[in-house]
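Colleague: One letter stands for each residue in the lines below.
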Amino acid sequence: MAELNSFEDLREFEETSRRKTVVIVSSVAALAVSTFICAMMVGNYHLSISQVFGVLFGTIHDGTMEYIIFEVRLPRLLCCFIVGAALSLSGLVMQSLFKNPMASPSVLGISSGAAFGASLALAFGVGGFMGSLMVPGMAFIFCFLTMGVVYMLARTKYGVASNTLLLAGVAMGAFFNGLVSLLQYVVNDDVLSSIVYWTMGSLNGCGWSSFALAIAPLAIGMIIVFILIKELNLISAGEEQAANMGVNVVNVRIILIIATALMVGGSVAISGVIGFVGLIVPHIFRMIVGPNHKLLVPLCIVGGGIFMIVMDTIAKSMFSIILPVGVLTSLIGAPFFIYVMRTRKKEIWE
Amino acid sequence: MGSIKVENVDFSYAERQILYDISLEANAGEVVGILGQNGCGKTTLLKCINRSLKTNSGDVLLDGENVGEMSRKNIAKKIAFVTQTTNITFAFTVFETVMMGRYACAGDEGNTNEKDLRAVYEAMKDTETLKFADRYINELSGGERKRVMIARALAQEPEILLLDEPTLHLDINHQFDLLELVRKLAREKNLLIMIVTHDLVFASRYCDRVMIIKDGKLHHLGSTKDIMIPDNIEETFYIETEVSEDSRFGINILLIGKSKNNSDDK
Numbered sequence: 000m001a002e003l004n005s006f007e008d009l010r011e012f013e014e015t016s017r018r019k020t021v022v023i024v025s026s027v028a029a030l031a032v033s034t035f036i037c038a039m040m041v042g043n044y045h046l047s048i049s050q051v052f053g054v055l056f057g058t059i060h061d062g063t064m065e066y067i068i069f070e071v072r073l074p075r076l077l078c079c080f081i082v083g084a085a086l087s088l089s090g091l092v093m094q095s096l097f098k099n100p101m102a103s104p105s106v107l108g109i110s111s112g113a114a115f116g117a118s119l120a121l122a123f124g125v126g127g128f129m130g131s132l133m134v135p136g137m138a139f140i141f142c143f144l145t146m147g148v149v150y151m152l153a154r155t156k157y158g159v160a161s162n163t164l165l166l167a168g169v170a171m172g173a174f175f176n177g178l179v180s181l182l183q184y185v186v187n188d189d190v191l192s193s194i195v196y197w198t199m200g201s202l203n204g205c206g207w208s209s210f211a212l213a214i215a216p217l218a219i220g221m222i223i224v225f226i227l228i229k230e231l232n233l234i235s236a237g238e239e240q241a242a243n244m245g246v247n248v249v250n251v252r253i254i255l256i257i258a259t260a261l262m263v264g265g266s267v268a269i270s271g272v273i274g275f276v277g278l279i280v281p282h283i284f285r286m287i288v289g290p291n292h293k294l295l296v297p298l299c300i301v302g303g304g305i306f307m308i309v310m311d312t313i314a315k316s317m318f319s320i321i322l323p324v325g326v327l328t329s330l331i332g333a334p335f336f337i338y339v340m341r342t343r344k345k346e347i348w349e
Numbered sequence: 000m001g002s003i004k005v006e007n008v009d010f011s012y013a014e015r016q017i018l019y020d021i022s023l024e025a026n027a028g029e030v031v032g033i034l035g036q037n038g039c040g041k042t043t044l045l046k047c048i049n050r051s052l053k054t055n056s057g058d059v060l061l062d063g064e065n066v067g068e069m070s071r072k073n074i075a076k077k078i079a080f081v082t083q084t085t086n087i088t089f090a091f092t093v094f095e096t097v098m099m100g101r102y103a104c105a106g107d108e109g110n111t112n113e114k115d116l117r118a119v120y121e122a123m124k125d126t127e128t129l130k131f132a133d134r135y136i137n138e139l140s141g142g143e144r145k146r147v148m149i150a151r152a153l154a155q156e157p158e159i160l161l162l163d164e165p166t167l168h169l170d171i172n173h174q175f176d177l178l179e180l181v182r183k184l185a186r187e188k189n190l191l192i193m194i195v196t197h198d199l200v201f202a203s204r205y206c207d208r209v210m211i212i213k214d215g216k217l218h219h220l221g222s223t224k225d226i227m228i229p230d231n232i233e234e235t236f237y238i239e240t241e242v243s244e245d246s247r248f249g250i251n252i253l254l255i256g257k258s259k260n261n262s263d264d265k
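These protein sequence lines map, in sequence, to chains A and B. If you use numbering that gives the first Met the number 0, the first sequence corresponds to residues 0 to 349, in order. If you use numbering that gives the first Met the number 0, the second sequence corresponds to residues 0 to 265, in order.
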């Protein structure tokens, strides 16, 4: 880039950066729509692209196709999208908030807490006063309980240090993992397989009810993050410096942790524990576009959604059995992540 | 405006008291140097002034308003603080980093506007960081980063600028540039500038007033000419100096060596 010498040069530079942001986000959004349409075609009952558009826009009236599109694939893909978006956005927020490349939704013990809540529900009977909402409900409740306990453990009279919060999260995560293992050891084989399947993470069976259950907490969490993009940028550059520039770091951190818990709780409630998405998607985009959250937040939402749709489509169509998507996100995500890490030279962590 | 009044401030970390009954007043247009040995409480005092740390007792008044009752954003609209550290975890570009300085001012209005861009431009021009605008901050040297941090502070358009060892990591050429800029900001923009420094030569040349802190207590406060005398320097730093008046620079300090009468070990 030519050296900047005048105010006009700087304005041109700023406008170019802004245009670049719009182009990148628009391109990824267009990719998301294309992926969504393509994924609608794939499944046991193959549909052509004209059939998909025909059903969506009401020019084809075929009961079977309408059922497949509107009752099976559309709600499942929407669930995929919002879960992928929420998990990757949660990972981004955790990494930026704690300035730790290993941070992800599981780092505060939130996922493990949710897994224990769901396992408890599976072990001691689905149904009860919460009916079919028992498992997702318990996952969501334990997600928040864990977050509250971790925060209280990390709090001292001098405030809450990020590192202490991380350590408390790791400890609580280990504790809940131990409890889940204990439950797995004492329950019968049927319940054991349910718990194991749930902790692998899967979107099988996700329909409109799952979407309705998760959309509110996920949307609220995402809106909060959008509102706090500037603050997230400043905090990720350094908490002390952010405070010196006017950010109320303590309050912003609490609000962002609650937003993360909403997103993780909502996702885990309908899909179980899907690992790795929250770790790799933010990293991949940060390596490509840098650390500015104005660009990263929308990219993680759209990119996380695309990633999950692709993984779920592969999991349900490429093998003779339908794999839990959580298995696939790790098996495919990890090598892809290593490839991106090795081919991108840009340093992102100090 | 841009005045600070520190009234009987005590501060301690847990059981260890750092500052004892510090009081001072400083006004717009002044450059005030804060001197003292390592660990005497200089940086802690700056942190108490901008409320990064809460005092145990005593008040800090900013243009007559108690900083303890001000929001972080309102403090940042008046005070910019350049800390010693230049580390940024993520590799933002220099432009993005300096633009962060507009948070307190631009926050209410939302998106970047002409005024924000103008403030960023002036700050980058003054600190000669325009040429780095598109570079990542982790690609810069320590001194270049320091200039970017100062640019970010200036982009806040503060009334008061707190600088904690601003010349650290800078080459001698940029040390002079920075301190000339500091003096210019105080004179032309009427900023109050408080500098923590270990550089006695620069302090005597560029500060209007200096304060010397020893063991958390304010030992001396006054005009540079009155305070930067061999006895005060020897008493604080255990070094011998020769001080002379110079028509070009005001005061010239010649560092002789360690004092024979006192020692740091005492």
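These are calculated hints, taken from the structure and not from any lab test. Here the structure is a predicted model, which is why all the values come from computation and not from measurement. C-beta atoms are modelled at their ideal positions from N, C-alpha and C, and glycine is treated no differently. Wrong hints could be hidden among the right ones.
Claimed, not checked - Chain B is faced by these chain A residues, among others (derived, beta-carbon under 10 Å): (1) Glu-13; (2) Gly-124; (3) Ala-242.
Colleague: Look at each hint and say if it fits the structure.
Modeller: Now for the hints, and whether the structure bears them out:
Taken as an interface hint, Glu-13 of chain A checks out: its beta carbon lies about 6 Å from the nearest beta carbon of chain B, inside 10 Å. Hint on Gly-124 of chain A is violated. Least Cβ distance to chain B is approximately 46 Å, over the 10 Å limit. Against a cut-off of 10 Å between C-beta atoms, the interface hint on Ala-242 of chain A holds, since the closest Cβ of chain B lies about 6 Å away.
Going down the numbered hints, you'll see the structure goes against just number 2.
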